[in-house]
Structure formats: C-alpha cells, structure tokens
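Two chains, two frames, a set of hints: combine them into the complex.
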Amino acid sequence: MSHHFIRFRDVHYTYPGGYEALRGVSFLITHGEKVALLGLNGAGKSTLLLHTDGILMATSGEVNIGDVPVTRKTLPVVRSHVGLLFQNPDDQLFMPTVEDDVAFGPRNMNLPEEEVERRVSTALEAVGATALRRRRPFNLSGGQKRMVAIAGVLAMEPMILVMDEPTSNLDPGARRRVIELVRGFDHTCLIATHDLDMAAELCPRSMVMAEGRIIADGPTDEILSDIETLTAAGLWPR
Amino acid sequence: MSDRLQRAILTLNRLEQPGGGTDGTDIIAAPDSRCLLVLTLIYLVLMLSVPLADIERVLLFSVYPIVESALVGIKYTRLLKRSLWVLPLVALVGVFNPILDTRTVFTVYGFTVTAGWVSLISLIVRGLLAMQAVLILIYVIGFYEVAVAIRRLGCPAVMSTQILLVYRYLSVLLQQVLTMRRAVDARGYGRRHMSLKLWGIFIGQLLIRSLERAENVSRAMHARGFTDRLPLSRYRCWTTTDSVLLGSWTVVFIVIYLVPLGTYLSKVL
Ligand SMILES: Nc1ncnc2c1ncn2[C@@H]1O[C@H](COP(=O)(O)OP(=O)(O)OP(=O)(O)O)[C@@H](O)[C@H]1O
Ligand SMILES: [Mg+2]
Chain F
142 MSHHFIRFRD VHYTYPGGYE ALRGVSFLIT HGEKVALLGL NGAGKSTLLL HTDGILMATS
202 GEVNIGDVPV TRKTLPVVRS HVGLLFQNPD DQLFMPTVED DVAFGPRNMN LPEEEVERRV
262 STALEAVGAT ALRRRRPFNL SGGQKRMVAI AGVLAMEPMI LVMDEPTSNL DPGARRRVIE
322 LVRGFDHTCL IATHDLDMAA ELCPRSMVMA EGRIIADGPT DEILSDIETL TAAGLWPR
Chain W
1300 MSDRLQRAIL TLNRLEQPGG GTDGTDIIAA PDSRCLLVLT LIYLVLMLSV PLADIERVLL
1360 FSVYPIVESA LVGIKYTRLL KRSLWVLPLV ALVGVFNPIL DTRTVFTVYG FTVTAGWVSL
1420 ISLIVRGLLA MQAVLILIYV IGFYEVAVAI RRLGCPAVMS TQILLVYRYL SVLLQQVLTM
1480 RRAVDARGYG RRHMSLKLWG IFIGQLLIRS LERAENVSRA MHARGFTDRL PLSRYRCWTT
1540 TDSVLLGSWT VVFIVIYLVP LGTYLSKVL
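Respectively, the protein sequence lines represent chains F and W. So for the first sequence, the numbering used here puts the first residue at 142; every next one is plus one. So for the second sequence, the numbering used here puts the first residue at 1300; every next one is plus one.
Simulated from the structure, these hints should not be mistaken for laboratory data. Keep in mind that this is a model prediction, so the values were computed, not measured.
Derived, one-sided and incomplete: chain F residues facing chain W with beta-carbon distance under 10 Å: (1) 194; (2) 195; (3) 223; (4) 227; (5) 235; (6) 245; (7) 246; (8) 247; (9) 290; (10) 296.
Output of the computed footprint for chain F on chain W, the stretches with three or more beta carbons under 8 Å from beta carbons of chain F: (11) 1466-1474; (12) 1516-1522.
All residues carry an ideal CB built from backbone N, CA and C; glycine is no exception.
Just chain W, with the same shape it has in the complex (with noise of 0.2 Å):
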C-alpha cells in the first residue's frame, strides 16, 4: 500500500516536469507549450466528433499518438500502456450499448456485428487516444507549463492558477495519506486491514489535515510575494517550428475529418 502509494507520487511529481513521463529518456524537439496545447485541443475536439459508427475515422486519428510520440520521443507502446487506465471508465460508460442496440451493421463469417458493438469499441479507442494525446501533453511540457500555457494563450490568471492548484492539492493529499497511513501502521500490530470505524476516522482527518496543508501551502505562497498569477518571464518564445507542426498536424486532422479516407481505402481494398 504505501509503496503503491509513493509510486502514486512519484509519478505525480515527475509529470510536473517537461520531459518527466518520459522516464529519464530525453524528449527530443519539444515544441512551446502554447502549440502543443492548441494542437491536442482541436486533436480532441475532431476526433470526439466524428460520429460514433464511423469506426475506421476514429481508427485514422490514431496516427497522431503514434507519429507525434516518435517525434518527440517517447515509445508508444508506453503510451498505449498508460493510456489503458481509461479502460473502466469507458466501459462503464458504453457497456449497455451491445445490449441496447442490435440493428446488424455487417456479418463476417456468419457473426453479426450490431451497432451497439461498434458505439462500444468506438467508444474504447476513442477514449485510449484522447488519453494518449493528453499523456503526451503532459509528458513532453509537464502539468506546471500546462498551466503556464493556458495563461499565455491570454486565458484569465484565475483559471491557469486554479488548475494548478488542483494539481498542487492532488499532491498534498497523497504524501497527506502515506504520512497517516504509515502513522496507523507503525502502531498498527502488523494488521492489515483498518477497521471500518477506523477507516472513517481516517478519512475525516484525512480531509481536515489536508485542507490544512494547502491553507499552509498557500500562505508560504503568498509570503513569496505570489500574487494568484504566475510569473511568466522565462519562456521561450513561439518559433517556426511550432507554426509548421500545429499547421501540419491541423491540416491532417481536417483531412482526416472531412474525407471519407475509409471508404476510399475499401473501395481500393
């Protein structure tokens, strides 16, 4: 539990970073931040609306994860392991519709594929690459410079500040449960299991402490001088670069969007 728990962490705080859920591996030509933000945005506004029946589109989109995840450098097969943590999500959300709709879309040999199996796995890889194209956001700028780029794009400091401190928050409440659980366990006998009264202790104090954390967190903030914007001076700027990959990939998510490529492909087929 508590090594689960520090891993928890660990990963947490390495996101934070540019480059920090890449595992050590450098990223290679990360582009600014700001481009890569509005590039997974209009990735994912595309990409959730295409219709859910139009399968072999949603299947097109991948080629974004797998392409922009060599480019920077990150392997995809870890990308795709990560972004498998959406799965129950998913399911929970598509899981009646094989149930609920049984129009037959097509037969092979001697299967019939409802429409209800189509919405559901279109559902599922809909859902894996969104995740991918997130994970790669936060892997190659790291979750600070998300914030950092949602204030640069002009949005209100309130809102990049509050997303950071969702983010701050999350953290504190982690290292706020290895702290408790490892207290509980040093004067736990070796038992395994909390009690449920217990358990209801711990997460009320769990609540109350952790509020105190941020509260304390917050003030060392202001005593800095912190004044809920973040100090935007060290950023490098926008270069060509970034023009050319938001313009390329924007013009391949269109492509993809507007042309019936699938259709094409089976009539070639």
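For reference, chain F alone in the conformation it holds in the complex (with noise of 0.2 Å):
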C-alpha cells in the first residue's frame, strides 16, 4: 500500500439503539495531508473516526484506507497502518504498566523483542512520559493519561494517524508538544478537535460535520472566518 489515503462514499452509520449518527459521509484525504474535523458535540466525530480503523462498519456506503476496503477481512492490514488515539484515555488504557501498555500494539505485531523496547522508549521519550515508565495507568492524571495514550499510538508507528481531540485535558507545555509531534509526522492525519488554535496551526484543510453530514470541506482559514456563516445557521456557537 503505497498511497495512505482516506477515503468515505456515502457513508451511513446506524447505532444500534436506532440513532443514525452518520448520514451519508463522502470524502477524500490524500497521502500527506493534515485535516482537521470539527463540528459540535454529538455532530458524529468519534463516530466518523472509529470507521477508519473498522471498529465501527459503515452501514452502507464505502470506507477506504489506501487500496484496502475496510471490511471483516482486511481489519489487521487496515489497524496495522492505522494508528487510532480514542477521545477517551481510559478506554485506551488497560495494561497493568504503562510500559506494558504501551507496548501492547507492538507485541500484537509480533516484533522482536528488541524492537519493542525500543519503540516504547522513544514513543515515551516523545511524549515526555518516560518517567511514568514503571506507574500505573489507571491512577494517572487526566493529561498523563492522554500523553501515555498517544504512546501507546506513535509505538504502532503507523502510517495514517486519526486521533479524537488529542489536546484535551492537556497543559500549555503538554499541549504544545502534542502539536509538534503531529507536526513531525508526515504521513496522514486526520483530527477531531474543538481546538481552533491547533487546526489553524497544523492543519491546512478543514472538514466540518454537523448532525451526521459534512457541511463545510475548504482550506482551514476560509472554513474558520466562515463560522460567522456557520453561526448564523445556528450551527456553530457565538
């Protein structure tokens, strides 16, 4: 798989308590580019997100990673190139260790030991975690929480990295280095966040959803002076 797009047809999601949470999605990310999906709560961003790793199957509709058609077959190519960051850490979190955690990707690769290791040390190294090396998750801070989560992504070294507001929670400091990892990583991105700041600063495409649909796919700049026209439609708060 040589080119790392993202790419949705008419995509539809139905929960399964009936609540259709996508309503017909269609998209293209192209290898390389760094796009941010904004939206309210409850507009269908997590959702949208937990397709591009089959976590989630589209109801109808087509969700592409590269050449590969996500379906029941192709889940482990599809999740060894997709990197996933959950909006919740506690979800994520679940070794015993945080060194276990997040080496847990990397094991179920079935890499040599060696090679584990070190992938722990440097995605701790570029989180700043690695003093959290030996704690456990589960009585860390909200914000640690989310930087040894994104370990636990970056250990996977994967090639399309999708992530659910990946600075929330986080100090300026922390926050800050979120930003200049995603940076430095130049595959594609795609990142759901209600941080403007960071969209304008990282992202230079923007998609906007509001109740299922997206409603708005432009340059970030435009998109953003746009939200007047956004908040006149009552989609977007003042």
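Here it is, written out as structure tokens:
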C-alpha cells in the first residue's frame, strides 16, 4: 500500500439503538494531508473516526484506507496502518503498567522484543512521559493518561494517524508537545478537535460536521472565517 | 465508602503485576509462571481430595503455604490475614455440619467432639489453605501472568483471554462504581444513604455503563492489533530451578497424601 489515503463514499451509520449518527459522509484525504475535523458536540466526529479503523462498520457506503476497503477480512491490514487515538484515554489504557500498555500494540504485531523495547522508549520520550514508565496507568492524571495513550499509538508507527481530541485536558506545555509531534509526523493525519487554534496551526484543511453530515470542507483559514456564516445558521455558538 | 472503593481498586490493580501483592517487598526467586500455576493446581487437587474426617492430613498440607511464602519472601501472617476472607463462604457451607452429624469421634476433658465439628473445622482449614495457595500464586506472578501461563501451557487462547477480560471487567466495574458514587455524593447534600429508588437507578446505570466501558476497552484493544490472543514473546524460559521446585513439592504433597503421617506422629507422641 503505497498511497495512504482515506476515502469515505456515502457512508451511513446507525447505532444499534437506532440513532443515525452518520448520514452520508463522503471525502478523500490524500497521502500526507493533515485535516482537522470540526463540529459541535454530538455532530458525529468520534463515530466517523471509529470507521477509519474498522471499529465501527458502515451500515451502507464504503470506507477505503489506501487501496484496501475496510471489511472484516482486511481488519488486520487496516489496523496495522491506522493508529487511532480514542477520545477517552481511560478506554485505551488497560495494561498493568504504562510500559506494558505502550508495548501492547507492537507486541500484537509480533515484533522482536528489542524492537518493542526501542519503540516503547522512543514513544514515551516523544511524549515526554519517560518518567511514568513504571507507573500504573489507572492512577495517572487526566493529561498524563492522554500522553501515555498517544505514546501507545505512536509506538505502532502507523502510516495514518487518526486522533480524537488529542489536546483536551492538556496543560499548555503538553499541548505544545502534541502539536509539534503531529507537525513532525509526515504521513496522513485526521484530527477531530474543538481546539480551533491548533487546527489553524497544524491543518491546512478542515472539514466541519453537523448532524452526521459534512457541511463544509476546505482550507482551514477560509472555514474558520466562515464560522460567522455557520453561527448564523445556528451550527456554531457565538 | 469511596475510600474503601479506591483501596479495592488499588489492590485489584496491584495483584495484576508480578510481586504486586506484597506491598513493596520484592519477590525473591520468582519461579516461572507455568511452574507455579501447575504446582498450585497439584496442591489444590491433592489437598482438597483428602477426606473431610482426616483432619491431621489436611493440617500437614499447611506446610506448603508456610514454606513457599518464606521462599518467595511474603510474610505468612499477611497471607493468613488475607486468606481469612474465605471464612464467611466456608462457614456458610459447613455451618450445619455440627448440628447434622452428631456421631462422637473422641472426647477431650469431658467434651465430646462430634464428627460434625471435625468436618466443619476441616472445611475451614481447607478453605484457608486453598486461598493461601491461590494468593501465593497471584502475589508472585500477578494475575496477568496467570492468564499468560494458562496460554503457555497450551490451553486455547480463548480461555486465557476470557480470564483476563473477566479480570479487566472487574476493575472497570469497580472504577465505574467509584465515579458514579462520587457523582451521587457531589450532589447529595451530605446525605449518607441512597434511597431505594436511587439504588435501583444506580445499579441499572452501573450495568449499562460498565458494559459500555467494557465495549470501549475492547475496541481500543482491537484498534492496536489485538487478535484475541495474548502476545507471548517476552517471557522467561523454564529453568532447572523450576523443575526442582515443582518436583520436590510434588513429592512432598504425594507423601502427605499417601502416607498416614498423622497416625505415626500420634504413636510417637
Ligand atoms: N453507543 C451509542 N449508541 C447510540 N448513539 C450514540 C452512541 N454513541 C454516540 N451516539 C450518538 O451519536 C451522535 C454522534 O456522537 P459522536 O460521539 O460521534 O459525537 P462527537 O462529534 O464526537 O461529539 P463530541 O464533540 O462531544 O465528542 C450523538 O448524537 C450521540 O448521541
Ligand atoms: Mg467525540
């Protein structure tokens, strides 16, 4: 798979409870692009991101990661290419220690132990959490958990990085570190966020979601100045 | 309430790691996880299959928790204290024995000791010993490795994963209780007890939420390439020490089980 693009074609998704969270989503993110996904609470951002990794499967429509369509059969390939950061780090951290947790992905890829160790150290260092190595994830602070969760994704060395609100709960220093990390990541990136400053700084392109649809897609500066219009339409608060 | 909960979560999470149950003191000479698992199983099977009335033999089996805890560096008093947890359960099973079984076994200073009492005491001792053996296992290698050991012994991956997930689910459940309890307390205006109706809502919510969390956790595992099999690459190999440990204890257990040491002893004394 040489081209790490993400393509959604008319994707619909209805939660088991009957709520239709995605109502026809289509877009193409090409290799190396960094895209911000904006939208109000409940717009469907997290739902959309879960589709990039085959955690949720489209009720109808089609999701492609590079040349690979996301289906049950292709899950292992898709998941080895996509690194997904969950909105709630508590959902993501579950191993007894921080280092075990960061090593979880690489070990599942059956890498040799020295390589696992190298990746764990590199990832923890990248997020500045080396000191937390032997701590238990469950009693870290919210921001520390977030950083460790990011390390867990980085350790998989994904070709496509998909992050759900990576900067929420972070102090300014940690937020800055995450921004620099993403900037240094030269593959495809899709980031759902409420942090408009980060979007403006990192992502040349933005998509805006509302009620399960993408209602705007274009250069971030234009989108952000267009928020006036969105506000007028009742889709954005003052 | 919320303090006790936090401590419960802490203990649970500690137990997950090798040496976690020992409150900081390091485990000396931890055996291979498979070795200790097999050893514990042999012990449990033999010790629990001693007839109830044969109380001396059951008592002799206490040599394992006492010596092994010393070998790995856990204080036996700690082990004993923790193992008292099983008492209510065992008592529940055996409490009617003294009433139901009134055959006289022997008399001491005019007190008749009936078969019912003997079997109750025997039940209690067994319960304590079994719990102590299991605690040693979990303290030394940690819950996670118990699951790994099961897998390394050749059991199907589904089994070890199930065990791990049940454990995972337990800590998710406890954490959920804690968060919800805090939420209730925060707006409870100092009321100590929840009304019956609130309890109903609480339990219902708890189930739904922890199911949801469990679902999310499993999603996150799969997102990082988990395929329902624990990765096994990093574990240490079986050594001669492990064989010696397993071999010598097994011999001790079989001797206690087969040879009526108790009767010899009482003859000598
Ligand atoms: N498990 C679920 N079952 C049913 N409906 C759900 C479920 N999860 C989310 N929803 C609904 O789907 C919609 C989209 O939710 P989603 O989590 O994708 O929003 P979001 O854009 O990520 O919001 P936020 O900015 O708050 O994270 C919401 O209306 C939500 O109520
Ligand atoms: Mg979300």
